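Just so you know, the protein sequences line up as chains B and H, in that order. FYI, in full-length UniProt numbering the residues of the first sequence are 1 to 1016. FYI, in full-length UniProt numbering the residues of the second sequence are 1 to 416.
One should not assume that every hint holds.
Distance condition first, Cα-Cα at most 30 Å in a straight line; then the derived DSS-like pairs of lysine-lysine [stated by the list, open to error]:
no. : chain 1 : residue 1 : chain 2 : residue 2
1   : B       : K148      : H       : K58
2   : B       : K530      : H       : K11
3   : H       : K164      : B       : K653
4   : H       : K11       : B       : K394
5   : H       : K268      : B       : K530
Output of the computed footprint for chain B on chain H, the stretches with three or more beta carbons under 8 Å from beta carbons of chain B [said to hold, decoys possible]:
no. : segment
6   : 181–190
7   : 378–388
Calculated from the structure, these hints are not laboratory results. Bear in mind that the values here come from a model prediction, so they are computed numbers and not experimental data. Idealized CB from N, CA, C, for every residue including glycine.
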Amino acid sequence: MSQSKQQMFRLNTGGRIDRSRTLSFTFNGQRYQGHPGDTLASALLANGVDIVNRSFKYSRPRGIVAAGAEEPNAIVQLGSNEAAQVPNVRATQQALFDGLTACSTNGWPNVQRDLMGLVGKLGGQFMPPGFYYKTFMAPASMWLTYEKYIRKAAGLGRSPMEADPDSYDHFNQHCDVLVVGAGAAGLAAALAAARSGARVIVADEQEEMGGSLLASRETLEGKPADQWVARVLGELASYENVTLLPRTTANGYHDHNFVTLHERRTEHLGDTAPVENGHRQVRARLHRVRAGQVILSTGAHERPLVYAGNDVPGNLLAGAVSTYIRRYGVAPGRKLVLSTSNDYGYRAALDWKEAGCEVVAIVDAREAPAGDWVDAARAQGIKIITGSAVIEAKGSNRVTAARVAKIDIDAFKVSGPVQELACDTIASSGGYSPVIHLASHTGARPTWREDILGFVPGLVKGVQACGGAKGTYTLGDVLAEGVEAGIRAAATTGYTAQTVSLPSAERLQQGPAVALFQVPHEKSTLRGPKQFVDLQNDVTAAGIELATREGFESIEHIKRYTAMGFGTDQGKLGNINGMAIAARCLKRSIPEVGTTVFRPNYTPVTFGAIVGRHCRDLFDPERYTALHHWHVERGAEFEDVGQWKRPWYYPQKVNGKAETIQEAVARECLAVREKVGILDASTLGKIDIQGPDAREFLARVYTNKWEKLAVGKCRYGLMCKDDGMVTDDGVTSCLAENHFLMTTTTGGAAAILEWLELWHQTEWPELDVYFSSVTDHWATMTITGPEARKLLAEISDIDLDRDSFKFMDWRSGKVAGVPARVFRISFTGELTFEINVQANYAMHVWQTLFKHGEKYGLTPYGTETMHVLRAEKGFIIVGQETDGSVTPEDLGMQWAIGYDKPYSWIGKRALTRSDTKRENRKQLVGLRPKDPKVVLEEGAQIVLDPKHAIPMPMVGHVTSSYYSPILDSGFALAVVKGGHQRLGETVYLPMADGQTFEAEIVSTIFYDPKGERQNV
Amino acid sequence: MQRYSGFGLVKHALSHHENWERQWRNPTPKKQYDVIIVGGGGHGLATAYYLAKEFGVKNVAVIEKGWLGGGNTARNTTIVRSNYLWDESAVLYEHAMKLWEGLSQDLNYNVMFSQRGVLNLGHTLQDMRDIQRRVNANRLNGIDGEVLDAKGVQALVPIMDCSKNARYPVMGASWQPRAGVARHDAVAWGYARGADAHGVDILQQTEVTGFKIRDGQIYGVHTNRGDIEAKTVGCVAAGNSSVLAKMGGFNLPLESHPLQALVSEPIKPILDTVVMSNQVHGYISQSDKGDLVIGAGIDGYNGYGQRGSYPTVEHTLQAIVEMFPIFSRVRMNRQWGGIVDTCPDACPIISKTPVKGLYFNCGWGTGGFKATPGSGHVFAASLAKGEMHPIAEPFSMFRFHSGALIDEHGAAGVAH
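Take the sequences, apply the hints, and build the full model.
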């Protein structure tokens, strides 16, 4: 098959494509060919594909309009297999690769013959903006059904249904000057800044750097402009202080010159990243750039004119027509009508003509256009119709004719007879809108310039705009502005830049443009055929007019009521036209109507790129203790506590069958109560506190007293927030006079260290004290049970005598031959030694304990058994018995409050408030189910009258509930209103399944109430 | 007021939509009103609507410094639910929920309240304990809900990773079927249209610059369009409440933080419910237009800029991709921020103040949208009668003196 037949709109010469190689691709199941250098859009145009999609609301056929990021229509689904699917790819920004597979995102049964289009055609007039607010209300019960059908029309592309095979990463970058956009202005700026020695990053969203110069008919030094581009890029690439990032979009401009750059590294190569040397390449990279100065050389977007039928395939931006011809060697039609309000638009007609196609006419809204390009067009013999505009495009699946008429812009009406010009392409130009999005992200309000009929960026510190982004469009001026911006940026960041000698640009005469946005039609806007403003969301001029009639006067209201600018193009083409139409309807000026706030992202960014490496195994670190492998080998089940993996229980195989959690926990519990058990308690937070004021600091952050805690002693401490509610607890030991070791809950460790630092740094900087986290430095092994002393004595040189090493003492010495701190504290009620050794020794000590422990029945136990044992003793777990609304007194822990301490402490004032002193607060109690076989549900609500109608007054809830093997019954801890006064009373627990349990309020201590066992 | 209906839509279509009326007027401020509402967001407009409609107070002005519904009403992620833990909040949010259920009809404005259900996921044993506690409490308070296990969650959301491979595997969830989402802008517009129809003056682009206070009693406000008098003033200004309180000569225990949200590009319907996770820390739903609507926690610092810091966006999407690995190739379209006024106990303030006649309704933090009808209704009742509505009573600003806090941090763990 010859190329000409395959690509019938491909020009024989020209463009930056590589005609020597052919790439094949599939669109909507049809195979086509293109060349390296093509975008998917240019290749589709080369093959004469007119309809690329169906519109969102009215399902109208849509074709390619633009050649860049502003494209609203050519939104396709990419991907040759399920995992490689990418929704909503803009065909104008997707480089063609061999084997590319894409399809339209809407259209049923297909995009050519679409049944929904019929609905749009017939029902379109019943769907003005906001129509859904005005209907689907009756009957009320039907809304969910209506919604189901409304949702069917939702969305453009679809999500892949398989996990992403690719990976992404993040770079943190610092530079002196970040240049966004490598067109004429950006390259000039980069050159000036780079030569000064400043660290420069140049980011450009396109496949090739050079911007409009790549397709310009203008010359530099009398040569094609792309030669200058190549030379400058060559020079920049040779500098070590310059980083060139093509295919990289600056998507968000955040405070303090923080800019996110989204670099697409492999999307031009395939739909999944290629494998190189056995490694799959990174699909995209997010550069988080902190820049000294930011140069916004982002250029401008051409504005289309808003006329009837302007959405029919074959309506394009004038600049896009030029780009397709000059850069991609494609003429997107055969017979052109150009409708323009300015001189720039003429270039499309000149390019068209030079490509050997027919220019039917240039329709210029100005009465007497004059300028070099106008003259050039006249010289070429192109017919120019002045004072007129294309008021309507005819055709349904492709433009067939342009209806042209004289217009009176001020009176907003058609002022002469209409002539119909047969054509297949209408190009329009309504002037340019500077790309102000990034500057707008920072909160800077753009300002309107009447002379250029566009908004320019508001001023922000550390940023400068140049070239098109600033509303400067003459090539010579653009280059000069770029150099100036580069020099200024370099100077601001401490570099001395020399002037750069600029290439000479042609000096072209241009006539002034006329302000034309919406083109009048013979019929009124509401009655005439649809004139589209936002093509992606099917927002029409009539829709905007209607919104203003209904009282939506703020541009934000108009935008939200009509959905203008809410598409994936974020109103790049349509917003200014929409504002102009709103201004006309409201009889205000455009700046009075104002602009909406542009938000990041400039163009959509793959979630994966923002997530980077922080997914899958690296989503959140898993923390393991030094003994983790032992637990794994022992078959432990694990529980997530904070980031830690803690052994939950150790199921054993009994007769080849694994124990249930109940069986394992019962066995572990009895082992502790009757022999000796061991717990890996390493995850408890440990904070080393030192300094002359350490003791006073402790007394200020804990509720209880610390003045008299002697070296060698331990004390349980309760910590409240400033609202008087318990927030953490743990044992703190006095290691030396000015040296303490605080332990915290496992989950609370980091937050408590921050809490201590917060108070020290902001409230009590005068206290001489400092903190370090030592959680990971020490491994903690808790041996507990009647045989604990005997076991430890076998491998330790510490005197373990009960009278010299008392409860709540700690000693240092050797355990299993390594230095250890041993604490005699207990969370089970049994005789307990908590052995702390350097984490690196932990496995050795643990294994030694097991070597010696076998004869004593040493049994490892997990957190579940720990929970049961401590609950039998009425010991609380912060976060389980407490929920941020429980005071120490509510817990029955008055003994841990030192109201008479010499200094105030956190929570003291709050604990004296009327509500914290109130009677009938929820207080911690024990619950004994009337039926001992019952294990109450944790979280069950407690009531006094289970027959009460809903809402049923609740007096508390179950915080912990277990089966106790040693008591052979269920038991629970609970908080109950006035519970401390209710011992012996019966309460009820009505459950979801209709059952109601009865329980008696009892003491929180279910086992060994006198506390004798820890002292055996 | 022009009534809306499907029939009316057809009628208007035939007359080329030339006869639609304004949804609300653009009135000139009067010298004096019975009640002034400061803040034209959802809560303020709802307050004005119920004042006029239910409590017979029709001489009301809503003063809005920007455009109505332009604050957090326009910026939230539209989740509506009432499965709060504590009785005080449960009653308040359920009051709102009941109003939501008839709101489109009451306003004759389709606010697209979609009761598609909300899942609050549990990933740890403590999560599950908390979920059981909350669902049990909800049930006894007459609020729908059930506890689901991981299988039940997977059945509702087949595309979520409920496997053991997840960093924090889903253990279960609470499920409130009556919860859902609504079209946020429509809520503001519907209330505005309804209030306007009852005679309320909505004064946009009008900024309160001070209060007129004599002998501890308010009698009006200074604005950039002149002084306006009223003996009852209700402030519903979200992130700017502390600024207003300062004008009234007192402080509120509020911190204003940026809260961000983001949306993906529109994709075909794939997620039918709202999924929230405190532990993995993110939440997500899909709008009727197809956008995935995503959020997480507040930015840690204080600020009045309606934008936030980038790391929050990164963390949020990390959580979403952790829960939904298939979304890795979906693309983020837009992010934005609001200013949320957070209270120390994560509950609102609906209250009298030290100034007689001056009332505040604020401190909704990250969860104000869902309360809009209920908040407006009880605030209106309080303003009309000069006594706080019983549902509002526990939310007095003076609770920070007594210590009678209602700690909903558990429920507010992720912004919602």
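Results of checking the hints against the structure:
no.	hint	in the structure
1	B:K148 / H:K58	violated (39 Å)
2	B:K530 / H:K11	holds (19 Å)
3	H:K164 / B:K653	holds (22 Å)
4	H:K11 / B:K394	holds (28 Å)
5	H:K268 / B:K530	holds (26 Å)
6	181–190	holds (count 5)
7	378–388	violated (count 0)
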